[in-house]
Structure formats: structure tokens, C-alpha cells
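Residue numbers (this note's numbering), protein chains in the order written: chain A, 1 to 337; chain L, 1 to 337; chain F, 1 to 337; chain Y, 1 to 337.
Do not rely on the hints blindly, as some may be mistaken.
If several chains are the same, the list does not tell them apart, and a pair holds so long as it fits within one copy or across any two.
Straight-line C-alpha distance at most 25 Å; calculated DSS-like pairs for lysine-lysine [what the hints assert, rightly or not]: (1) K144 - K250; (2) K118 - K96; (3) K18 - K46; (4) K96 - K38.
Keep in mind that the hints were calculated from the coordinates and are not lab data.
4 protein chains.
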Amino acid sequence: MINVGIIGAGRIGQVHAKSILSGVPQAHILAIADPYMKPAVAEWAKASGIENVYTDYKKILEDERIDAVLICASTNLHAQLSLEAIAAGKHIFCEKPIDQSVEKIEEVKAALAASPKKLIYQVGFNRRYDHNYRAMRDAVAAGKIGEVQYVRVSSRDPEPPPAEYAAVSGGIFMDMMIHDLDMVRYLSGQEVVELYAQGACLIDPAIGEAGDVDTATVTLKLSNGALATIDGSRKAVYGYDQRGEVFGSKGCVVNANDSNSNIVISTVDGVTAEKPLWFFLERYMGSYQAEVREFIDCIIQGKEPRVGIEDGLVSIKLALACSKSLREDRPVRVDEL
Amino acid sequence: MINVGIIGAGRIGQVHAKSILSGVPQAHILAIADPYMKPAVAEWAKASGIENVYTDYKKILEDERIDAVLICASTNLHAQLSLEAIAAGKHIFCEKPIDQSVEKIEEVKAALAASPKKLIYQVGFNRRYDHNYRAMRDAVAAGKIGEVQYVRVSSRDPEPPPAEYAAVSGGIFMDMMIHDLDMVRYLSGQEVVELYAQGACLIDPAIGEAGDVDTATVTLKLSNGALATIDGSRKAVYGYDQRGEVFGSKGCVVNANDSNSNIVISTVDGVTAEKPLWFFLERYMGSYQAEVREFIDCIIQGKEPRVGIEDGLVSIKLALACSKSLREDRPVRVDEL
Amino acid sequence: MINVGIIGAGRIGQVHAKSILSGVPQAHILAIADPYMKPAVAEWAKASGIENVYTDYKKILEDERIDAVLICASTNLHAQLSLEAIAAGKHIFCEKPIDQSVEKIEEVKAALAASPKKLIYQVGFNRRYDHNYRAMRDAVAAGKIGEVQYVRVSSRDPEPPPAEYAAVSGGIFMDMMIHDLDMVRYLSGQEVVELYAQGACLIDPAIGEAGDVDTATVTLKLSNGALATIDGSRKAVYGYDQRGEVFGSKGCVVNANDSNSNIVISTVDGVTAEKPLWFFLERYMGSYQAEVREFIDCIIQGKEPRVGIEDGLVSIKLALACSKSLREDRPVRVDEL
Amino acid sequence: MINVGIIGAGRIGQVHAKSILSGVPQAHILAIADPYMKPAVAEWAKASGIENVYTDYKKILEDERIDAVLICASTNLHAQLSLEAIAAGKHIFCEKPIDQSVEKIEEVKAALAASPKKLIYQVGFNRRYDHNYRAMRDAVAAGKIGEVQYVRVSSRDPEPPPAEYAAVSGGIFMDMMIHDLDMVRYLSGQEVVELYAQGACLIDPAIGEAGDVDTATVTLKLSNGALATIDGSRKAVYGYDQRGEVFGSKGCVVNANDSNSNIVISTVDGVTAEKPLWFFLERYMGSYQAEVREFIDCIIQGKEPRVGIEDGLVSIKLALACSKSLREDRPVRVDEL
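Let's have the full structure, built from the sequences with the hints guiding it.
So this is what it looks like as C-alpha cells:
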């Protein structure tokens, strides 16, 4: 049994807590901490058998019974909390992104390498655990489509965030398309060598005024010579649109969106299926549980998680390269950063 | 908080227990009983916070703290346990079928009517809670396809049961197609007036020797004049095939099978999607949790469940009418029984 | 080069003429005859290079240059024209049904057998030449789904005919579902042993008053023990709905409707594809050309067509058995007729 | 009746001849010319009622009875033949591309503008007449998806051409992806402002040695601010893959590939549909007839074709911009050319 502490009791912290409670029997949540702990959340935690509810996360790090922490605090604290947790000898599941700065992630990476105890460090790129994307990756890895020649990721949110958010989040590449950049690497099994980003503000002018774009494409060259494109949008009125394709020498694999049901209604108006699931938590709920389950398994079995600190580092570099490419309207090599 | 006791700790008893533990927070499992309780199950129950593990179900009925019972024992005990639970004033969730005899179900129905305390009695026709079938029913009930004129249910198991099972289960109509007979009523919102059943033994000769068929169709006339067909098979090599259609004056609604993922691979061999889910527990897992959740909600809110004792009674009559029709090779009116 | 005469210049006669002109280069239409030949049709025929336009079909039968005739006159004349064409030594393509009476078809069959010249006699069951149904049949014949255990044919017209038509056409089984009865035989490669028909009048009361039904199902037992169902409707508001399924020991094969295009539009209202093609001529146009092409090929190569007089005879027996079953509300063995 | 002459009796010349013979009744082919006219083709032409079969195309231009010519000669002759046909006062249907040089097309454009007789000049971008792409365009033009924000065109040939062909054809952008560049303009209704092309040689090294690529992507900025991507490959082992998507403020429209049939077979190996049609002539046959029909209609009604000389000119500029972008690894503005 692995004892776990959760740092941050906001939306994603609660998601992980529920995942563990309902589906990860080898883990026991010993404590949850949040400086702004809401009474309702504290009450729910107690009722769910989480014995310790703190406002100070340090109590978690100091508790010797706790083997592992889930860092679910705000992004700007991820790196610092990671460093402290490493110092305390805890295994770490850290929400993405680790940080918006390459340097800070390098610092965490160095601390991890220097830790006398071998620590599991997993980053919350949940899509790698999604049933559809994992099935695509498995098909590629099994050689079913041969050598990868082209990858496409199409990614559209149902609604744009407030413009203020775009300003602090690091922008569309950092807060949204970072998942898609990671998917290109995951699906292809290749590294990105060079990329070119285009952007436009077509949905909400306030996003443009905040210095960001709401529609973007990225074209990428991969280490095996393959090409890739990503197209992203902040607003698909029909729901959360998450599709992709990998094409190779022996064929291609595509996925489709998930819906509430697979019924199809035919009337005088057409042949109509349900829209994609609307909310990312609903769409990716299975993946959230799967990633936490793997985290606990990795601790128990001492194996590497599907997505480690290097993946967290590379994804940030790619997001920064996209911003640079968009700003300078030119292809940018990843090793420029 | 509703206190619950589970009678029967076999496969389906465990399914319901897990559903409650992970997704029905308003219910608390106070006890589970099974005359042949396996040590591993007892241990799992304890670890999951189920305080009382019995071999004698009477201890559950006698426990005044317990508001409701889930009857998950073998079919031949359902009616007797129902009567005892009614006498003990417990709300009842009873696995299907209530019994293979109309008389015994009538007895339960009478006892229920005579109970001084208004008791919820829900029957385990889980498919009524399935996301696909519920979406079909909702579309029909919302008038999207107009007046119902035809219903089709296609239902195929991945593997036939042992021939011995077919002999005691009441046969294909009683143990398998009873779900499909219920689906015709549920999807259409109509009663069955007359039906005609065909059967053949094409899969396993031992099933025929045991006096049953493994392939069957049923043609039905509904109370509003609409027609219906059911086709059933004990063995679809590609997986658990569960499809249906409702056709009406304004259109039709169909569903499709669920799969592990929705990826599609194109190669020289064709354009290939995943097979349907193989196992009924996997395919209908969501519906098992949904039906137990509704049971608890009905108790709390004093409302009628989606599927009550009358539905349990009618489904048995329909299964018996099918057997009679097959035996006599003629259409049988349901009111003949 | 095969010289052809067309008897009957109505809708279907023109369809066949155009098929030959545009896609059957080995056939030359030497004459077309119709007692009520419309001037516009005569003009079109001349402009298309059909040299002889007659009101009297006997001129075609008497013309020694003509090798083959297409009988496209009204149904009640098919048998008589067949007999005369056999006497004149012409190969015959006869529109379905050959006749509504078994005796008359037997007469044609006998005359054909007695003909000193071996004559090709093909019946216009065009669906056997349809790309989707042929692909299904080919898959079944290639053993891809193993032994056939169940066949389903779903068949819905976009609009009911006038009630007067239903009265003279022989009813829904004779004028519409005869195609579906033929499809059960074609797809399965089996003969029908027994069937049971249900009918209802749910669409147009005038059809009921004319003594017919507009909604029907047929349940069938096949010669290899397999079962089958057909569901038919005179009115699917979303278009001409033509679907089917063959299920067997190694899998199943289904088809889907054809549409004008395969685009899918996603909006706030849903994910919408195009409706099925509306009109049978549009839906089955390819099959009309393919059947005439095979007719000419069979003449040239002296081989048997995919659908001969025996198929025409059996289909009538099946349609009559359906009517009898519906009238008497009981299963009817085909050998009762 | 429009009299037509066909210049060039190779594959595409024959396709157009057959289209007219079988489906464009208002046009009459008076002559066909080819310096290397094959005897079999000459014979077929005669048998099909084409009275004049020449080796010298000038006889067509000199024939005053001929209203219109179809230029189906080799690409390097298109511009010169266009100029001569304009001088002869003929309406022109010219196969794509008009030429590989912007200057030569400008010359044709100027001659056309200077012609005293208003001449129809249509370019053979047949995909604009394809049922799927036309339905997409119609949906976009009808405002069903709102303002266009993103366009995607995926285009894969089933087999690469010989490397020698790539060397003279102008390369992948000029001979293959020119269609896709045109599709971006057609589907969006927008002009291309800037583009960036990536290429790789992953299929046939000989293509790389000939100075071309066999895998490519193009990222584009459109005049309304929308973005677009094209991904192209010379070899999809599963067939001719032709898909696209237009995304906008109110939704998106996608298409799917066409197949020989729409049957789906489920076995232990999966749920398998047919592969896309293999050959472009088969896939786009309907569009070839539709474009020639529109050409004749435009002549008769004096209206503009869906694709005129300006479209021919712009597509060449885009293909040249792609080559330049690939060569210089930088985004290229179209007005640079």
C-alpha cells in the first residue's frame, strides 16, 4: 500500500483524489493540502476517509509515512514544490506543465538525478493514457502502419478561456497545444527537429489584445524525417474535438471523437449522430484514472512511467519554439532554444 | 444515507457492491451474505469497509439498520428471498428474472401490494440504464421519430453457455432473450400483444440435445399496432453484438456497438475498426452502476424505478410465450398465458 | 453485336434503353415498341439512333435480325409476351414479376424448356447486380462469414404508392417485398422452407381499405436451418432505406445506405450526414446497367444469368405464401403452394 | 447542339470523349486529333460515331463547324494550343495545368481578354465537380459552418510515379498537390496570402535523386485570416486517399473516401470496411463528366465556368511558391512571385 499526499485541492486535485479512491486500491490518500482549502472540500475529504486535511503542504512533505505526492497546485508553484518534494524523498506526480521556463525544469531534473533515492517523477500528460490515443500508439508501435511518415493532430476546445487567462497561461501553445505537441512525439515515437507555427485571432478579439492567438497551426519535422501538422482552435461550437492520424509506409491509423452515446437518428433533416463530449474532464476521465494508476504501479514495481521529466522538458521547449516561430514568422529549430 | 445489505456474493453481487462503493455515495453497504462465501471475497469486503460478512442472509433481514437489500442469489431463490425481504420491510433490488414461474412472481407482487410500508421493488434489467439504449428511448419518448411503427433488437452473445446451463436456465428465451423482449417494450413504450418464435440449433448440438435452441427470432405485434422483430444468437465470434432500431412516422433511431477504442486502421487488408466489447460486464458496466444509483435515489425520493415488478412479470410471460410458440410453431397471444 | 428490341417504352423501358446506349457496346437497339408510344419518347429514340419505333410489338418479334427482347410492358402482359418471344426464338430479359400466378410462370418455364433453341431468360431482379448487395453475396459465397445462420433484410420506400395501386399490384409482398424475399435467397444461397408474415396498416388508411398493409415483417426458415427476417415499410420519411445483414459461424456482413455525398457536418445541432438517396432509380441505377450488361454477356457467351426463370417463379411463390400467412395468421410452408 | 473537337487522344482525351458520348447530349464530337493516333483508338472513335479522326490538330481549329475544343495534349503544349484555339475563335476546355510558367498563362489570359468573341475558357480542375467536394463547398457557401477559420486537405496517391516523371512534371507541388492547393481556394472561397512548404523523400529514394520530394505538407494563410494545411503523399498502400475538412465559427464539414461498396464485415480479425477506390479515374469519374457537362452548358448559356483561367493561373503561382518555400525553408508570400 502506497501512502499518498495531494498538494492542491482545486479541480484537478479532486479529480485525482476521486480516481484513487474509486480505482487505485494500492494507494491510500493520507493527506490533502491547500492554502485556500474550501470547507466543502475539506468535509468531502474527511467523509471519503482522507484523514488529514491541511492548509500547509509542508505537513505532507514532513510526514514520513507518505511515499508519494501529487502536485496539483497552480503552475507557477510546480517546480518549487517538485524541488521540495525531491528533497523530502517523495515520489512525484506533477501536473503539466512543470514550468514555463526551461531553466527551472532543468533544475528539477538535476535535483532528481542527484537524489540519493531513486524517485519516480511522472508528468500529467493524461492523453498518453487515453483509450483512443493509446490504441493509436500501440498500433504504431506494433508496426501496423510501418515506418511513420506523417502525423496529424487536430485539437479544438469547446470554448475559449477568458482573455486574461491567455495572458498569464503562456498562450495557446503553452496551455493548450502543449498536449498536442506531446501527442506528436508520443504517437510517432520521434523527436521534433524543427517547427513552424502560424496563428490568427479569429474567435475573440480580446485574446488578440492580450497578445495571444486563438487559432493556430504547427508544421513539424521529426527526427526520422517524417512530417507532422497540428491544427488547434479555442472554440469548436459542436464540442471538444480531439482527433488525430498517423500515416506510414504500411497504412494509417485515425481516431474519432467520443460521444455520450452512439445512436444515430434519421429524419427529414438528415442522419444525425451525437456531438463529441463537451468537457475535457468528461472526455478524458478514464485517462486521469489510468495515469494515477500507472504512477502507483511504477512506484511499486520500480519501473519508469510512460511520461517522465524529460517529456515535460521537451514539451515546454516545443511550446516556446512555437511562440518564437509565430513571433518571427520563420521555421525554428528546436536546438535553437 | 441508505444502509444496504447484499444477499449473494457471486459475480453480480460483487459488481453491485463495487458500483456502490465507487459511485453511489448516498448508500452504505452494511453487510454482505453468502452461504458459500469465499475467503478472498470476505477479505475484499472487509478491506472495502463492508463491516459485516455473513453466510446467513437472515442476519441481513433481521438487521433493523438496513433499509434495502440487493438480491443477487441464484435465480431459484429470488422469489422466496423477495417475500422474506418484503416481510422484513426492506426495499428490494432483485436480479432478473424474479422467477421462471408467473405464479411465484404474482405472489411477490401481491405481497408487495399488501405491505403496510410502501416498498421500492426494482428488477435488474440493467440495459434500460445503458447509455445507448437510454438515448434511443429518450429520442423515441421525445417524439423525434414520431409514432413507433417497427422495433428491431439484435442480440448476440460472444460464446454459448455450457449445454447443461441451457437446460436449467429456462432456455434461450428465459436466460438471454428476456433482455431483448424487455428492450422491445422499453424502446417502444408499448405492450406485446402476440408473438411468434422460431428457433434453430446451429452452433452447439449439445444445446439441442438439452432441448434448447441457440439461434432464434421472435416476431411481435405491439399494442399500438406496431411490429417488432428480435434476432438472437448464442455465438458471435467477433464479440458481444448489441444493436437495435426503432422506426416511426418521423424517422428512425439506431445504435451501434461499443468498442475499446474508436481507432480505424487502413492497410492493404482493408479499413478496420475494433471489434465490439467482448464481455457483457465490460459492455454494460456503466448501466450496472446507473441502475443501483437509481434504486437508491428512488428510495430517498420515494419515486418509482424505471423497471418495477410488473416489468419483471411481463418479461417472464413473454419468454414463456416464446417457448410455447416455438414448441407449437404458431403465433401465441400473450393473454393466452 | 447483339441486336435488341425493347417492348414497352415507359419508365423502365427507357432506363434499359439508356443503359444499353451508354454502357453496353456489344448491344445495338434496333427497335422499341409501345402501343401508347409518346411522341417525345419516339423523338428521343430516333435521336439516340434507335432506327425503328413501333406501336406494335409484333414487328419486333417478327424481325429476324433481332436476337433478344427486353419485356418492359405492364406486368399482366409479361407472361404472354414471354411465350410469344420464346416462340419467336428470342432471348428474353423480362421485368419482374413474370406474373402474379404460379401457373402462368410454369407455362413460360415449360415453353422455355421445350424451345429447340437454347434461350437465355433473365428476370429483372436488379438488386442482385447492386454493388452493395453483390459485395455482401460475394463475401458470403467466399466463406468469409462461415455457415449462414441468420439473414436480415430491411427495406423501406420513401413514399407509399396510391392506394389504388396497392389493390392491383398484388399488395406489398408482391410489388415491393418480392425484392426482399429474393434478397434472402440471394444473400444466403438457400431456399425458403417456411415463413410467417405479419402486417399492419400504420401509414395510409386508404391502403388498409384497399385490403393491403403498409408495414410488414416476414420471418423465414431456410433450407440449411438458418433463420431470416424481413422488415418492410411503405414510407421512410428520410429516404429510400435499403439495408441488410448476413450472420454466420465466422462473422457477419452488413451494408449501409448510399447517399449523394459522404460529407458530415458538425454543428451545435449534432453531427449530421446526408440522407439516403431518395429514389429507387437513382439508388439502383448502376444495377440496372449491370443486369442488362450481364444479359448481353450471357447471350454472347452462352452462360446462365445470375437470376433466371426459376428465381422468378420462386419469388412469386414466396410472395403468395406471405399473403396467405398474413391472411391466416399462421406459418406457411412454401410447399403448401 | 455544340460541335466539339478533341485535341489529344490519350487517356484523358478518351475519358472526355466517353463522358460526352454517354452523358452530354447537347454536345457532338465532330473530330479527334492526335499526332500519334493509335489504330485501336481511331477505330473506337469511328465506331462511336466520331466522324473525323486526324493526326493534325490544325484541321480541328480550321473546321468552322466546330464550336469548342478540349485540349488534352501533353502539358507543354497546353498554352500554345490555347493561343491558337483563341485565335480560331473556339471555346476551350484545357486540361490542367495550363502551363508551368506564369508568363505563358498570362499570355493566354491576355489573348483571351483581347478576343473579339467572348470565349469560354475552362480549366480541368475536375475535383471542383466531385460530389463530395462540391457538397462541402456548398455547405460552406450556404453558411452552414459560419466564417471559415481553418481548412485541411489530405491527399495521397496509391502509388508514386516513376522518378523520371517527377523530374519533368514540375514535381509534387506542380503535378499532384496543385489539385489540393486549388481545393483550399475552392473550399474556403478565399485567396492564399502566404504559405510554407515542408518536404521529405521517404518513399522512393530515386524521387529524391531526381530532385523532388514524395511526402509534403503546406501551411497557408488565407485572405480572410484563416489558416490551412495540406498533407500529401505519393503512396498510400490502402488506396487513393482523398479527404478534407473545413472548420468555421459555426461548425465543421469533413468528407470521407469513396469505396466500391459500403459493406462492413465483422470477424475475429476486426470490423472491416472496404478500402478507398484505388485509381483516380475511378474515384473521380463522375467529376470528369460533370465538368465537361458544365463546359457545354456554359457555352450554351454564356455563363462562367466554376473554374476559369484565373484559377489556372493562381494554382500555378501557388505550386511555384511551394517549391520556392521548400527550397529556401521559409514562408513565401504569394505576391513575391
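What hint numbers does the structure not satisfy? none
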